[in-house]
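Given chain A, work out where chain B should sit, using these hints.
Chains A and B are the protein sequences, given in the same order.
Anchor point for the first sequence: position 175 equals 175 in this note's numbering, and the numbering is continuous, going up by one each time.
Anchor point for the second sequence: position 102 equals 102 in this note's numbering, and the numbering is continuous, going up by one each time.
Hints were generated in silico from the structure; no laboratory data involved.
Keep in mind that this is a model prediction, so the values were computed, not measured.
Just so you know, not all the hints are guaranteed correct.
What the hints assert, rightly or not - Only pairs whose alpha carbons sit at most 25 Å apart, straight line, appear in this in silico SDA-like list of lysine to any residue: (1) Lys-103/B <-> Phe-3/A; (2) Lys-9/A <-> Asp-124/B; (3) Lys-9/A <-> Thr-111/B; (4) Lys-9/A <-> Val-125/B; (5) Lys-166/B <-> Ile-33/B; (6) Lys-103/B <-> Leu-84/A; (7) Lys-217/A <-> Ala-67/B; (8) Lys-166/B <-> Asn-178/B.
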Amino acid sequence: MRFFFAALKRDLLLVFRHRNDIINPLAFFLMVAVLFPLGVSPDPAFLSEVASGVIWVAALLACLLSVDGIFRSDYEDGSLEQMLVSPEPLLVLVMAKVLSHWLVSGFCLAIISPLVAMMFFLPEQGYPALILSLLLGTPTLSLMGAIGAGLTVGLRRGGVLISLLVLPLYIPVLIFGAGTVQAGAMGLPIQGYLALLGAILVFNLMLAPFAIAAALKISVRS
Amino acid sequence: MLEVKNLFCERDERVLFANFSFQINAAEVVQIIGQNGSGKTTLLRILCGLSDAYTGEIYWHGVALDAEREQYFQAMLYVGHLAGVKGSLTAEENLHWMMQLDKSLNKCTITEALKQVGLFGFEDVPCHSLSAGQQRRVGLARLYLSSAPLWILDEPFTALDKQGVKEKEALIANHIQNGGAVILTTHHDLMIPGQIIRPINLDEVAVA
Numbered sequence: 001m002r003f004f005f006a007a008l009k010r011d012l013l014l015v016f017r018h019r020n021d022i023i024n025p026l027a028f029f030l031m032v033a034v035l036f037p038l039g040v041s042p043d044p045a046f047l048s049e050v051a052s053g054v055i056w057v058a059a060l061l062a063c064l065l066s067v068d069g070i071f072r073s074d075y076e077d078g079s080l081e082q083m084l085v086s087p088e089p090l091l092v093l094v095m096a097k098v099l100s101h102w103l104v105s106g107f108c109l110a111i112i113s114p115l116v117a118m119m120f121f122l123p124e125q126g127y128p129a130l131i132l133s134l135l136l137g138t139p140t141l142s143l144m145g146a147i148g149a150g151l152t153v154g155l156r157r158g159g160v161l162i163s164l165l166v167l168p169l170y171i172p173v174l175i176f177g178a179g180t181v182q183a184g185a186m187g188l189p190i191q192g193y194l195a196l197l198g199a200i201l202v203f204n205l206m207l208a209p210f211a212i213a214a215a216l217k218i219s220v221r222s
Numbered sequence: 001m002l003e004v005k006n007l008f009c010e011r012d013e014r015v016l017f018a019n020f021s022f023q024i025n026a027a028e029v030v031q032i033i034g035q036n037g038s039g040k041t042t043l044l045r046i047l048c049g050l051s052d053a054y055t056g057e058i059y060w061h062g063v064a065l066d067a068e069r070e071q072y073f074q075a076m077l078y079v080g081h082l083a084g085v086k087g088s089l090t091a092e093e094n095l096h097w098m099m100q101l102d103k104s105l106n107k108c109t110i111t112e113a114l115k116q117v118g119l120f121g122f123e124d125v126p127c128h129s130l131s132a133g134q135q136r137r138v139g140l141a142r143l144y145l146s147s148a149p150l151w152i153l154d155e156p157f158t159a160l161d162k163q164g165v166k167e168k169e170a171l172i173a174n175h176i177q178n179g180g181a182v183i184l185t186t187h188h189d190l191m192i193p194g195q196i197i198r199p200i201n202l203d204e205v206a207v208a
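So that you can see chain A by itself, here it is in the shape it has in the complex (with noise of 0.2 Å):
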């Protein structure tokens, strides 16, 4: 435990060292955010009907942006090498270090959400099945993406591949995501929606660390 918390504060000061980190995903969820209207229709109705799905494409692919770095640097500076001749276990840095990626990704997107909602209009009473299911769902994304990270971290260009691998993955997250936004701007229950995104969480969290975990040593064994 004390590792884990030891891995996640060094992730955490890396990412404060490089502010652009953290500005990168959430600069292009907000200017998905103001460039739609503008492209498309600035029509409140048009906005509020199709906000569910457009906020959460958004996040998504803003998630799928960074998830490529979540190991690179590592890689390229040998850290991660050192990483796997640690007695220390891989699963909990792989853990400490998925985690340090949602908070800087998931969390703050999920936190400067109703923003975002303000301007596509849509209807107060969705605000909170917006913020929970991001929250619910990010966490999910940056488990997933790390696995697709971690496949190809070895790689000189690995971001084309990244996205072939994972976004199939990330394809009911988003369903069930921007469902449980729909039926919450609409005032209908969304208990069922979340349970479903809280189930794909706990699947996701019991096994993709050993996916990461394997993926990292294939990478820098082979």
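Relative to the frame of chain A, chain B by itself:
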């Protein structure tokens, strides 16, 4: 300490070594020599468990490497080509993290280790603003901290100045006197006071 039996490794359809067996005993320095591309780094990566691209057996104190990985990792210190030093962290933060990763880095305090590598006064400077040699020194500060018996060093002297190399040689000599073992590659003419260095020539291995 470390015993390698019938090692076979090929890379890009080129056999690097076949039927390759050797031993490394306590209080011994082994220098892997060979041309560029002869597989020095590959061999070291295999020995420290960072590569699976081989067949053959490796034993640590008579136990197969795969069986007791964690114990082996505790007893082994690997300094690779890449120093594993984060540019945006300071020397002190880097070493602090390395100590978290490897509990056998406990011989002295971070401040002492930095003093030893001549980086005292630079501990609060982010490593990306240090010179290449100084960054290397941050990575090598681990050697002063380490109480692991086996050191695997891949080109540890790159970018170091003459004085720095001398200090590291003295450090290795000290490690050997305490019963440790060192495997290293270097193109530098190694002079370890009071020690005979056993060479393993990979060019000959490939022919045989």
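Status of each hint after checking the structure:
1. For the hint linking Lys-103/B to Phe-3/A, the alpha-carbon distance of about 11 Å falls within 25 Å, and the restraint holds.
2. With a C-alpha separation of about 17 Å, the suggested pair Lys-9/A and Asp-124/B falls inside the 25 Å cut-off, and the hint holds.
3. Distance restraint check for Lys-9/A and Thr-111/B: the Cα-Cα separation of roughly 21 Å lies within the 25 Å cut-off, and the hinted pair is therefore satisfied.
4. Our distance criterion of 25 Å between C-alpha atoms is met by Lys-9/A and Val-125/B, whose separation comes to about 19 Å.
5. The suggested pairing of Lys-166/B with Ile-33/B holds, with an alpha-carbon distance near 20 Å, which does not exceed 25 Å.
6. Restraint check for Lys-103/B and Leu-84/A: satisfied, since their Cα atoms lie roughly 14 Å apart, inside the 25 Å limit.
7. Between Lys-217/A and Ala-67/B, the direct Cα distance comes to roughly 17 Å. Compliance with the 25 Å bound is thereby established for this hinted pair.
8. With a C-alpha separation of about 19 Å, the suggested pairing of Lys-166/B with Asn-178/B holds against the 25 Å cut-off.
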